[in-house]
Amino acid sequence: CVCVCVWVSDLRTQLTDQIKILDSQVDVKQQQLSDLSEFLRRRGDIETEYARALDKLTERYTHKTKKKEQWGQSVCQVWSVLLTQTRLESREHAVLGDTCCNTLTQTLAHSTEDTHRLHKRSKEVGIQMQDELLKVTTEMQMALKTYNQYHTDCLIAEGKLKEAERLEERHTGKSAELGLGQSGGQRRSSVKKMERLMEKRHGRVQENQLKCTKARNDYLLNLAASNAAMNKYYLQDISTLIDCCDLGFHLSVERVMKCYLASRWRIQKTEETGLKQLEAAVTSLNQGGDRDGLLQQHDSAFCLPFKFNYHPHEGDQVCEVSAESQVRYELETRFQQLQSRLAAVTLETEEVSKTLKATLTALLDNMCESDCNPSPDVLSTLTHEPPGGNTAQKLTIAKRRANQQETETYYFTKVKDFLISSSLTFKLQAKHDLLHDAIQKAEAVDSDPSRTQCARSVRVRKSRPVSQFCHTLFTTDIVTYIQSSGQQIPVVVESCIRFINLHGLHHEGIFRVPGSQREVNHIRDAFERGEDPLSDSECDLDSVAGVLKLYFRNLEPPLFPYDSYPQLLECVQIEGVTERATQIKAIISTFPRPLLVVMRYLFAFLNHVSQYSDENMMQPYNLAVCFGPSLLRGLDSDDAVARQPQINDLVKTMILEHDIIYPGQSELPGPVYEKHMTLEQEYCEPITEEGDGETEHLPSEEEWEAVAMFDYAARSPAELSFKQGELIILQSKASCDWWRGEVGGVKGLIPHKYISVLDGSERGKREEGGGGGGSTGNLTAEDLQTENTTRTPLPRARTRDVQYRTAPATSHIIAKLFRNPITLPANITTWLCMFCGLMTQATTMLPELDEAFPVLVVVFSSCPQCDGNVGKHL
Numbered sequence: 001c002v003c004v005c006v007w008v009s010d011l012r013t014q015l016t017d018q019i020k021i022l023d024s025q026v027d028v029k030q031q032q033l034s035d036l037s038e039f040l041r042r043r044g045d046i047e048t049e050y051a052r053a054l055d056k057l058t059e060r061y062t063h064k065t066k067k068k069e070q071w072g073q074s075v076c077q078v079w080s081v082l083l084t085q086t087r088l089e090s091r092e093h094a095v096l097g098d099t100c101c102n103t104l105t106q107t108l109a110h111s112t113e114d115t116h117r118l119h120k121r122s123k124e125v126g127i128q129m130q131d132e133l134l135k136v137t138t139e140m141q142m143a144l145k146t147y148n149q150y151h152t153d154c155l156i157a158e159g160k161l162k163e164a165e166r167l168e169e170r171h172t173g174k175s176a177e178l179g180l181g182q183s184g185g186q187r188r189s190s191v192k193k194m195e196r197l198m199e200k201r202h203g204r205v206q207e208n209q210l211k212c213t214k215a216r217n218d219y220l221l222n223l224a225a226s227n228a229a230m231n232k233y234y235l236q237d238i239s240t241l242i243d244c245c246d247l248g249f250h251l252s253v254e255r256v257m258k259c260y261l262a263s264r265w266r267i268q269k270t271e272e273t274g275l276k277q278l279e280a281a282v283t284s285l286n287q288g289g290d291r292d293g294l295l296q297q298h299d300s301a302f303c304l305p306f307k308f309n310y311h312p313h314e315g316d317q318v319c320e321v322s323a324e325s326q327v328r329y330e331l332e333t334r335f336q337q338l339q340s341r342l343a344a345v346t347l348e349t350e351e352v353s354k355t356l357k358a359t360l361t362a363l364l365d366n367m368c369e370s371d372c373n374p375s376p377d378v379l380s381t382l383t384h385e386p387p388g389g390n391t392a393q394k395l396t397i398a399k400r401r402a403n404q405q406e407t408e409t410y411y412f413t414k415v416k417d418f419l420i421s422s423s424l425t426f427k428l429q430a431k432h433d434l435l436h437d438a439i440q441k442a443e444a445v446d447s448d449p450s451r452t453q454c455a456r457s458v459r460v461r462k463s464r465p466v467s468q469f470c471h472t473l474f475t476t477d478i479v480t481y482i483q484s485s486g487q488q489i490p491v492v493v494e495s496c497i498r499f500i501n502l503h504g505l506h507h508e509g510i511f512r513v514p515g516s517q518r519e520v521n522h523i524r525d526a527f528e529r530g531e532d533p534l535s536d537s538e539c540d541l542d543s544v545a546g547v548l549k550l551y552f553r554n555l556e557p558p559l560f561p562y563d564s565y566p567q568l569l570e571c572v573q574i575e576g577v578t579e580r581a582t583q584i585k586a587i588i589s590t591f592p593r594p595l596l597v598v599m600r601y602l603f604a605f606l607n608h609v610s611q612y613s614d615e616n617m618m619q620p621y622n623l624a625v626c627f628g629p630s631l632l633r634g635l636d637s638d639d640a641v642a643r644q645p646q647i648n649d650l651v652k653t654m655i656l657e658h659d660i661i662y663p664g665q666s667e668l669p670g671p672v673y674e675k676h677m678t679l680e681q682e683y684c685e686p687i688t689e690e691g692d693g694e695t696e697h698l699p700s701e702e703e704w705e706a707v708a709m710f711d712y713a714a715r716s717p718a719e720l721s722f723k724q725g726e727l728i729i730l731q732s733k734a735s736c737d738w739w740r741g742e743v744g745g746v747k748g749l750i751p752h753k754y755i756s757v758l759d760g761s762e763r764g765k766r767e768e769g770g771g772g773g774g775s776t777g778n779l780t781a782e783d784l785q786t787e788n789t790t791r792t793p794l795p796r797a798r799t800r801d802v803q804y805r806t807a808p809a810t811s812h813i814i815a816k817l818f819r820n821p822i823t824l825p826a827n828i829t830t831w832l833c834m835f836c837g838l839m840t841q842a843t844t845m846l847p848e849l850d851e852a853f854p855v856l857v858v859v860f861s862s863c864p865q866c867d868g869n870v871g872k873h874l
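The sequence shown begins at 1 in UniProt numbering and counts up by one.
Treat the hints with caution; some may be incorrect.
Listed next, the in silico DSSO-like pairs over lysine-lysine satisfying Cα-Cα at most 30 angstroms (straight line) [stated by the list, open to error]:
| no. | residue 1 | residue 2 |
| --- | --- | --- |
| 1 | K160 | K120 |
| 2 | K416 | K307 |
| 3 | K135 | K357 |
| 4 | K414 | K307 |
| 5 | K258 | K135 |
| 6 | K120 | K394 |
| 7 | K135 | K414 |
| 8 | K549 | K585 |
For the record, the hints were derived by calculation from the structure and aren't laboratory data.
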């Protein structure tokens with residue numbers, strides 16, 4: 001850690017030196033342009049003095065050029081050749097003097113202005129890229145610190161386990177010495193206590209090893225991303241930034257000199273030999289060569305530093321991303337999401353690159369427009385025009401300048417977008433390659449026949465016991481709830497955050513993409529009943545995120561008390577981030593301690609989510625937009641929209657500076673958010689344990705049949721392609737969005753949203769019918785309607801799963817009405833609307849179906865869609 005800190009400190013110094021060097025370069029270029037402009041102006045003034053004046057002028061600038069020989073750039077070479085050729089000149093024409101004094105000096109003045117402006121914008125982009133680079137290294141440092149902490153916990157747990165083993169050995173020896181002197185009951189009790197102690201210590205070691213593995217993986221991924229970012233910045237970004245600083249500079253000098261050459265060719269053909277030498281020097285202007293020369297001249301500032309090396313903690317032998325059985329599914333899911341994200345970012349980068357090239361071409365063409373190369377007719381009339389004439393030409397130049405500056409603004413926007421997106425591509429590619437290698441190694445190990453006989457230790461998540469505390473979770477005072485229930489973190493907050501930590505940190509658009517309202521209501525109702533509906537991983541991530549936002553949105557009063565609302569908004573006016581965080585801390589320190597515990601837990605979690613913004617696209621500001629209206633509300637709801645930007649900035653500051661704003665565990669005892677969570681020990685039970693082959697083998701997983709509702713084309717080698725109506729064999733769930741299965745004997749991943757799982761009855765009907773010939777022949781009425789309404793989805797549309805269940809209570813009510821047993825889909829509204837189009841009336845009456853049955857009969861009796869047949873039947 002100390003080595004990394006020193007290295008990062010040196011990196012900061014190096015980045016500062018780079019900015020200083022770039023600043024010095026703009027001074028050099030401005031001095032060059034100033035000297036050249038002054039030279040041309042003086043040249044026009046002393047045209048009448050011919051050779052004598054020109055010799056003096058040449059000597060003057062020859063002396064200055066000798067002092068600047070260390071520049072070593074192509075522009076300096078042109079400057080030197082120009083002075084050499086000037087010594088040979090003896091007379092000049094009046095038109096040449098006018099051209100030098102007016103047209104060329106004006107162009108150089110514009111070039112000087114352009115150079116300063118372009119350097120300023122390039123510097124802003126460079127500072128931003130350096131900040132991004134330092135951010136990556138900081139994240140790597142934090143990951144290293146977290147990894148060291150968890151590995152220390154792992155070593156402590158292993159030490160305690162060894163101590164327990166030694167205690168067991170001593171206890172066994174003492175029991176043997178006592179022999180028959182001790183009763184059988186006492187011996188059994190002692191043995192059971194020792195077994196429980198060993199079991200507890202083993203469990204603690206496994207849990208700490210799992211946390212250590214996750215922390216190490218995170219550290220390795222951040223390490224790879226940091227090295228990729230370093231390579232990208234030093235090998236590509238620096239050159240791009242220097243090119244941006246030099247944008248148009250060489251071109252401006254070239255334009256001025258070519259204009260000068262054109263005038264000289266028309267006036268003095270006798271100087272053809274000397275002018276050809278000068279033309280060769282101008283042609284040798286090379287922006288890339290000057291850039292490379294600058295990099296070589298300042299090699300210590302621009303050379304690529306040594307790559308970050310992996311620093312294992314106290315003898316840790318694992319030095320690569322580990323895809324052990326307990327984290328393999330998580331890594332596979334993350335790999336799929338990362339692969340999709342990488343493809344999107346790569347495509348975006350390519351599009352930005354194309355736009356950038358086209359914009360650069362247009363910008364250079366605009367700079368190349370001839371405003372300093374007048375025609376011979378214009379030259380012949382320049383001496384006869386009064387001062388301030390040729391207004392049309394000045395307007396044309398002003399218009400071109402305005403267009404150029406507008407194009408420059410757009411160009412630098414695209415430069416920034418390209419640098420950011422390409423850097424993100426490098427970081428994602430580094431993580432992608434590490435995960436790909438780790439998963440391939442894990443698959444190779446799993447396919448080893450020598451390992452198939454070994455049982456694995458598997459833990460299954462058990463349902464959380466139903467709470468005996470009867471109190472409303474949603475729409476309640478959170479402080480009252482905490483004090484009454486004894487839960488320092490409300491169960492809905494803890495469960496949702498744990499679920500997202502385990503399954504959704506890399507989920508694209510988490511908290512921004514809305515979940516299914518039906519599933520959100522289902523999860524909310526389960527929490528209200530005292531259950532934990534998130535005890536398995538089958539829930540939709542967006543719906544779980546929606547439940548968490550819904551909980552804080554419905555709190556009354558809100559999480560941040562009403563009386564603190566104006567004071568907190570005033571903190572946004574403070575410019576310094578540290579000062580703003582200090583002021584916020586002073587305000588929230590007056591909050592009740594139970595409230596601070598929940599806030600500390602929530603904002604630590606949101607900060608952790610933002611650390612994966614490369615994959616989930618949820619930067620701190622995006623999270624602030626999602627959570628701001630739910631956490632901070634004023635008594636006057638009219639100003640909510642007007643104050644939304646202030647609320648977003650405030651919540652963003654709390655997410656970024658949560659460790660400064662909220663007290664630590666030593667100051668405020670209570671639960672603290674953990675970055676690497678596992679399934680809670682009390683809700684897990686072992687199925688098999690590692691053994692010597694004598695343990696009982698698990699039964700094979702059940703297979704399900706499904707039918708493809710839409711065509712799907714695989715986007716990676718791990719996925720399978722299929723056609724609508726094709727039969728699919730499902731073997732297991734890979735994640736909430738993917739199945740493992742096979743199509744036509746080929747195994748791979750299958751998207752859940754493109755298939756419909758067949759239950760037992762549907763499977764039987766399909767077998768009796770010989771597999772069916774149509775794509776919808778085995779679907780229920782509700783399936784048909786759902787398929788018709790979502791027949792052609794977009795390739796990556798976020799359609800929700802259509803779940804088919806029976807509703808026993810509703811079926812019982814309708815069965816009594818028809819006096820015979822029937823089974824209906826859960827979506828009774830859709831079933832009724834298959835008979836008539838009164839969706840609105842049916843929806844409003846269904847919750848009170850028992851009491852509103854007479855009204856239902858009247859409504860359907862007047863239905864124009866079915867001529868009242870449904871009402872008559874009812």
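Results for each hint:
no.	hint	result
1	K160 - K120	60 angstroms, violated
2	K416 - K307	25 angstroms, holds
3	K135 - K357	29 angstroms, holds
4	K414 - K307	29 angstroms, holds
5	K258 - K135	46 angstroms, violated
6	K120 - K394	27 angstroms, holds
7	K135 - K414	22 angstroms, holds
8	K549 - K585	23 angstroms, holds
In terms of the numbered hints stated before, the structure departs from hints 1, 5, listed from lowest to highest.
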